[in-house]
Amino acid sequence: MRKSREFDNVLDECLERLLAKGGTVEQCLRSFPEHADELEPLLETALATKQASAIQPRPEFRDRARYQFYAALQERERKRSRPFFSWGWQPQWVAAVAIVLVLLLAGSGTVAAASGSMPDEPLYPVKLATEQVQLVLTPSALGKAELYAKLADKRVLEIASMAGKNKPEQIERATRRLNAYLTKIAALASTQEVTAGVVMAPAAEEAPVVEEAPVVREAPLLPERARGGKEARIKVDRRARLRATVVSYAANHPARLRALLKTVPESVKPALLQAIAVSEAGYEKALESLD
Amino acid sequence: MQDEESLVQRAKQRDQKAFAQLYEEHFDKIYRYVALRIGDKTEAEDMTQQVFLNALKSISSFKWKGVPFAAWLFRIAHNQVVDYLRKKNKQAAAPLDESLVSSDSNPQLMAEHSLDVEQLLLATRRLTEAQRQVISLRFAGELSINQVANIMGKSQGAVKALQHSAIVALRKILLAGNNEEVQRI
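As given, the protein sequences belong to chains A and B, one line each in that order.
Numbering of the first sequence is given in this note's numbering, commencing with residue 1 and proceeding in unit increments.
Numbering of the second sequence is given in this note's numbering, commencing with residue 1 and proceeding in unit increments.
For reference, chain A alone in the conformation it holds in the complex (with noise of 0.2 Å):
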């Protein structure tokens, strides 16, 4: 026992040598003469386990974590210092009341005035909160998801402007919402709601027919079974349309983005460079979810 114990002290005294001093397994026989038969194949068997365990996570992978990571830390960051009255920690009556004076304003033509706003304009404010209401008054994941598409190009057209205009900052405040409108189609996508249409897809006429007792009874303008699947197909098309508008983002935004990177000046590069890493790794994720 003793011995053995000995044994295990002289082995972890070579490993520690081997493992984080850059020692040689010939050094550590020299060292320990006396263990040295039993000593060796077990520190080349241990050096070959350093060696094959030095696996490297995908560059692209680490790209993708660090930002998001980092995204994670202003969040809890940002989280901390927002005021109490302020979008997205606010009770209900005030997103109610906000809505309603955002209606209001509807009808002043200031709402139409700010949808063309950019992000360092006086009216961009009320653009925002349009949006915020669009998203309250969409009831379906499905419908939801399309906005948030649309969204997704207007902050992408907003950080090519800002990225023109040198205003770095604001280019980060449009990645954040653009990394979160990105977020939530995914989200969206695999939510049940979005994902069975894919599922109840059969054209009626391919329908199981299920034999059952003739009830006499009005007929409705189309069969039961026949509308299900027309609004199935219907859910399938806008399925497909969003997942074709997304394709389409994908494609186009981070390249819309890097051809800045050519034109704009250095400072704001690593915000540019910052908002194309959200965007390409923000669409694969929401093309993930759709697919």
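Be a bit skeptical, because a hint or two may be false.
Unchecked claim - Taking lysine-lysine and the DSSO-like style, the derived pairs with C-alpha atoms no more than 27 Å apart in a straight line are: (1) B/Lys172 x A/Lys50; (2) A/Lys21 x B/Lys29; (3) B/Lys29 x B/Lys88; (4) B/Lys63 x B/Lys29; (5) B/Lys154 x A/Lys21; (6) B/Lys17 x B/Lys65; (7) A/Lys21 x A/Lys154; (8) B/Lys12 x B/Lys63; (9) B/Lys154 x A/Lys50; (10) A/Lys167 x A/Lys127; (11) B/Lys57 x A/Lys285; (12) A/Lys269 x A/Lys235; (13) B/Lys17 x B/Lys63; (14) B/Lys17 x B/Lys172; (15) A/Lys150 x A/Lys269; (16) B/Lys17 x B/Lys57; (17) B/Lys88 x B/Lys57; (18) B/Lys17 x B/Lys88; (19) B/Lys29 x A/Lys285; (20) A/Lys167 x B/Lys17; (21) A/Lys269 x B/Lys17; (22) B/Lys87 x A/Lys285; (23) B/Lys57 x A/Lys50; (24) A/Lys285 x A/Lys269; (25) B/Lys88 x B/Lys12; (26) A/Lys165 x A/Lys150; (27) A/Lys262 x A/Lys167; (28) A/Lys262 x A/Lys154; (29) B/Lys154 x B/Lys65; (30) A/Lys165 x A/Lys285; (31) A/Lys285 x B/Lys88; (32) B/Lys57 x B/Lys87; (33) B/Lys154 x B/Lys87.
It should be emphasised that the hints constitute simulated quantities derived from the structure, not laboratory data.
Knowing the structure of chain A, use the given hints to seat chain B on it.
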């Protein structure tokens, strides 16, 4: 150690740079540890990311007791691995992830290296859970015996004995594998 303590204290006080530094220092080791424990690169990626997001969530509850920060992170990773293996029940029959052996960009290195990774992944699956944990923490996580003992909740002597038995078992498994290959040829 004092440097790490002050870094962790800063991270606890929501210093983003401090937490980012801890992330960069430990990311690869945690990834390697998880990959070796579960033998699945894709899952290892997601789990590694989750380890750090969980660490970010619970950093405020971390109490410095002189134990390296890595030990805390590896404990989070260990718990996730245990949960994963329990849920997936893949421990005994996980298919070998081919992509694990092709992540090296140098073709020659890859050719020499891939066989080792493959052998190691297959061999470690035949170790006991405790032996696999020691090998993963010591070789992939590059932790000292003291740190491994802390994470596993065992004495240093017990971990050294486990380490010894794990390397002996690994050698036997690898040699048996080689002999089978030679016989097939």
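Against the structure, the hints:
no.	hint	result
1	B/Lys172 x A/Lys50	17 Å, holds
2	A/Lys21 x B/Lys29	17 Å, holds
3	B/Lys29 x B/Lys88	23 Å, holds
4	B/Lys63 x B/Lys29	22 Å, holds
5	B/Lys154 x A/Lys21	25 Å, holds
6	B/Lys17 x B/Lys65	22 Å, holds
7	A/Lys21 x A/Lys154	54 Å, violated
8	B/Lys12 x B/Lys63	9 Å, holds
9	B/Lys154 x A/Lys50	23 Å, holds
10	A/Lys167 x A/Lys127	19 Å, holds
11	B/Lys57 x A/Lys285	23 Å, holds
12	A/Lys269 x A/Lys235	41 Å, violated
13	B/Lys17 x B/Lys63	19 Å, holds
14	B/Lys17 x B/Lys172	46 Å, violated
15	A/Lys150 x A/Lys269	25 Å, holds
16	B/Lys17 x B/Lys57	16 Å, holds
17	B/Lys88 x B/Lys57	25 Å, holds
18	B/Lys17 x B/Lys88	36 Å, violated
19	B/Lys29 x A/Lys285	25 Å, holds
20	A/Lys167 x B/Lys17	23 Å, holds
21	A/Lys269 x B/Lys17	20 Å, holds
22	B/Lys87 x A/Lys285	24 Å, holds
23	B/Lys57 x A/Lys50	32 Å, violated
24	A/Lys285 x A/Lys269	24 Å, holds
25	B/Lys88 x B/Lys12	33 Å, violated
26	A/Lys165 x A/Lys150	23 Å, holds
27	A/Lys262 x A/Lys167	16 Å, holds
28	A/Lys262 x A/Lys154	22 Å, holds
29	B/Lys154 x B/Lys65	17 Å, holds
30	A/Lys165 x A/Lys285	30 Å, violated
31	A/Lys285 x B/Lys88	23 Å, holds
32	B/Lys57 x B/Lys87	23 Å, holds
33	B/Lys154 x B/Lys87	26 Å, holds
Consistency note: the structure conflicts with the earlier hints numbered 7, 12, 14, 18, 23, 25 and 30.
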